[in-house]
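All chains, please: the whole structure from these sequences, using the hints.
Protein chains in written order, with the working numbering: chain A, 27 to 343; chain B, 27 to 343; chain C, 27 to 343; chain D, 27 to 343.
FYI, nobody ran anything at the bench for these hints, they're computed from the structure. A few of these clues could be false.
If several chains are the same, the list does not tell them apart, and a pair holds so long as it fits within one copy or across any two.
Taking lysine to aspartate or glutamate pairs in the DMTMM-like style, the calculated list, with each CA pair at most 25 Å apart, reads [said to hold, decoys possible]:
1. Lys77 with Glu307
2. Lys77 with Asp53
3. Lys77 with Asp263
4. Lys94 with Asp212
5. Lys77 with Glu319
6. Lys94 with Glu307
7. Lys77 with Glu120
There are 4 protein chains.
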Amino acid sequence: MRHDLNSEEYRELQIRYRNWGRWGAEDEIGTANLVGPETVARAVGLVRLGKVYSLALPLDRNGPQTGKGLTGRSNIQHYMARDGGDIAAAAGDEPQFDGTDDLVQLYLQAGTQWDALAHAFYDNRMYNGRPTTDVTSAGAARNAVTGLVDRALGRGVLLDVPRNEGVEWLEPGRAIDTADLERCADQQGVEIGPGDFVLVRTGQLAQVRARGAWEDYAGGPAPGLSVDAAHFFCSRDVAAVAGDTWGLEVRPPEGDLVAPVHVLLMVNAGIHIGEMWDMEELAGDCAAEGCYEFLVVAPPLNITGAVGSPVTPLAIR
Amino acid sequence: MRHDLNSEEYRELQIRYRNWGRWGAEDEIGTANLVGPETVARAVGLVRLGKVYSLALPLDRNGPQTGKGLTGRSNIQHYMARDGGDIAAAAGDEPQFDGTDDLVQLYLQAGTQWDALAHAFYDNRMYNGRPTTDVTSAGAARNAVTGLVDRALGRGVLLDVPRNEGVEWLEPGRAIDTADLERCADQQGVEIGPGDFVLVRTGQLAQVRARGAWEDYAGGPAPGLSVDAAHFFCSRDVAAVAGDTWGLEVRPPEGDLVAPVHVLLMVNAGIHIGEMWDMEELAGDCAAEGCYEFLVVAPPLNITGAVGSPVTPLAIR
Amino acid sequence: MRHDLNSEEYRELQIRYRNWGRWGAEDEIGTANLVGPETVARAVGLVRLGKVYSLALPLDRNGPQTGKGLTGRSNIQHYMARDGGDIAAAAGDEPQFDGTDDLVQLYLQAGTQWDALAHAFYDNRMYNGRPTTDVTSAGAARNAVTGLVDRALGRGVLLDVPRNEGVEWLEPGRAIDTADLERCADQQGVEIGPGDFVLVRTGQLAQVRARGAWEDYAGGPAPGLSVDAAHFFCSRDVAAVAGDTWGLEVRPPEGDLVAPVHVLLMVNAGIHIGEMWDMEELAGDCAAEGCYEFLVVAPPLNITGAVGSPVTPLAIR
Amino acid sequence: MRHDLNSEEYRELQIRYRNWGRWGAEDEIGTANLVGPETVARAVGLVRLGKVYSLALPLDRNGPQTGKGLTGRSNIQHYMARDGGDIAAAAGDEPQFDGTDDLVQLYLQAGTQWDALAHAFYDNRMYNGRPTTDVTSAGAARNAVTGLVDRALGRGVLLDVPRNEGVEWLEPGRAIDTADLERCADQQGVEIGPGDFVLVRTGQLAQVRARGAWEDYAGGPAPGLSVDAAHFFCSRDVAAVAGDTWGLEVRPPEGDLVAPVHVLLMVNAGIHIGEMWDMEELAGDCAAEGCYEFLVVAPPLNITGAVGSPVTPLAIR
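Laid out in structure tokens, this is it:
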């Protein structure tokens, strides 16, 4: 259900879930602080089958980006610095070793990705109250994605909203609120708690595949989280929330609020957000077994000062 | 010890360890075929502490690459498509959400990385006998790094050669052969078998840090594997071998052989190679506890046609 | 008029206009050899008004490229390495100098451009009979665009085909042949000779502006040169031919021939080709004055090994 | 001679030569307004021989940039999107056309270049009093290099300071002041006036070639203009000043002033600056003939919002 908060309600919600200072004035990782040896060890214990799922979309020119729109992001561009043709051209009479080499131009948030806490600002502040001057052309001096390199693993829980509601996918514009999430968790028989990595499926990737075209997947209308869903995640102190859409949030947005879930989760609560995680195969197997929890391991690249990172999230059941 | 094979011995070795066709004519991943639910489940069982180590060097302009030399690789270049200054400049009277965005130019093998099997050629052939025409400017049609996205995890074993020999690091030019590796494994009390991910430490990163400069770490003299080490890894059917140097192999090379370990492991046996994995902290803790095995999870980016990938390898003890 | 040559006729035409060896076996610039002090001095003498026209389209993300299609070229991407926000953030109490800095990713043929002779191959040969192994991932060892840096100037002649035919623009698919060009030159009262830079206007940019959208300008149907037009240019020994469309040639192509004008002019005769030159303002003034000749100055960037170059061609009347 | 102004003298100089508002509040090109049909027609009349000189350094990986230092600029990186190897690999039985394609990553000020007026700020203001918020990650909204596309031509005058002083090159640290420039112009027998393009030779490129290495050419000590040279150029209303060094100004700087010539010429007077123009061959011929004036044509790329541009300046005598 869609929720349309007025500015006072929105402000109140931000203050309620604000974790600034909770882990000290110098903290840069928010609820990822709740990931630690105990949560990791427990999460590892969830693995029963040894079955591994990559949740990464292919990174290539056939991706969802258009180079236009809100962000102007383009799909990855991959170039060969040395390819087989070069090797053949350089080959002499004697057999020899030779190697290929390649490079990319990559918008860090072009495909399956993590948002760093340095990605999201509200009123010129990011998580822990930091100012815009902390993110210059030289990158993020604070709240960069590197804080997550050894913290992006733990108990994963899939909330498969469309399957729980008996549909293939949620339609664009459909907002998922706390009541929806609680109902889904209840019916799936899972509880969610501190340090968890929650994967919220909308099924939009199933819709994309059914129609055989990305169309406006990147930046267009989408099902996704309502501002109201912040209650669900913030009160449970999850480490991160990942979705299968471009921006996690419902689009078009509810009322006048721009990216309120980003504001509540990232700016205020310090909860990391993952986007465009492909949960389709995982979701099928979770449903078949009636088990929605697993180990998730999703380390970002260790790019100094980055405000996002491509990732190959693994779910291991 | 350094070994200098003549061309007949080298040819014989290539044939002995050649796995072409072993997993079918269409196979693209070599011994990563030996990674499966059983090896993963067993590897997960090695986790006792929940302690996580990132083995990724920082990806930034202070990296080891020079833009010159054998490969001409430069360090990652990171640009902001939208930064805090833009957000401040665009801010209106009403508080609002705004987001930063960034992108990189990245040589896929510039830092901590995987070589895909499509990286290595000998006599115009790569793993499974594939020709140079399989790697064009459009990327690798076969043997790309994407074959590893859900296979790059399992039992990790660290072979800490310098510590085993009582030195801080091995000097450049020092070749590690099968006898060295067997002695190290014996003294550490570990056995290595099919589907394992073996991390061979030379300590060169400790040396780099002690001198405070990369100098010619990327492409210069280095300690590393002797051609003779192929016996150790190929006969044990390991899934992958990772080192802490630029190229895994001893440099300058032994005799006339160019990258013979790449040729034997990658081209012939189909064993993936990791380079520039930072094992320093992990090695200290392994030694302190006398335990050298752990879960390793190191999924590459899912870049279609890539011949390498940056990676944030995690070791979990 | 469209012409559909059979393979024998096509082969005969290639041989007839082949200039391989004409300026020696080492030559890399073809008919640009006909540009020299005399032609330059004469061309300078054409300037009467001192009026300058830039024929360059804007280079930005709103350009015609789509990142898809035949070439996969994307529009230029422009990034700030240091912008005003950075300067403001770094400003101290004392007034001081500070500087902005920027960079681009640029497909060399994405906008108004020159094709180098190393761009065009037929039967695995480029101009002067050179093989494919002369253009590797390291760039063009021969026939690169750098040969043109001090030769891309001389007498420019505009052939305004649509205006001569009394229409605003030629429709896509309309082929311009030698008879059309001769008629146009006659009615405009100009003759064309050795070392000239001929600008052929189709008016497609006027059509693009009238409809307010690039649509398939880059790679879609277009008016342009017929294979038959090769007679006109090759027999006159022009230095270069530039058009106002994506690819100079009529599209869809005539019969089975793929880019026959590129093959005849570039591969065989060694005549350089310019594309996407914006002649609209220039054409208006030429018509108003009844004078179609001028000085053209269009030096490419001096990029070692490049097979094309962006350019800001100037016409000076 | 080196000059060390105190802050009051510096401030006074800025005000004296400030052209803000002179061509209206909307002006973005400063003294390039003085380039027009008359100056162009007169400059064209200087051409006697038809001899053409490219003043562009090669743009390749062997350029002067290091990726480090003040600006972090790296040399151009050139990649093939389609090369000869690809063409050979794709070739079928029938002879056919095929084309190569390439792209670059290019710092716009990495080689022979123009600074746009949007490059230089003092006290958070650029030419015509514009604020830092006019240059965001989206580029320069004002004072971009595109204002110069049809204005970067006119009468060129070479001031060959070392030759006039009887030396091969000026040593790093040598400051060229107004007295030096006047003496040089007098002895060369040239006068300089409104709308001229003045090329100041220090000979540092001759020194680089003599030693066979760039060393710290990009950003290290260099001969160049003294703050005092502003009198010479500003009082004469020149259109632009170009040098043969990395930054035009003497380095190390005079006293506490950072880039005072950039501040006086660009920020205040609106005079464009060219850098790394290679005048060596031109200078030799000018001296041999005793004639130091010529036509210069140097259009920047038409990159929307760019704060600099690579250029192939042509001098035509």
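Are any of the numbered hints broken by this structure? If so, which, sorted upward?
Hint check: 4, 6, 7 fail, others pass.
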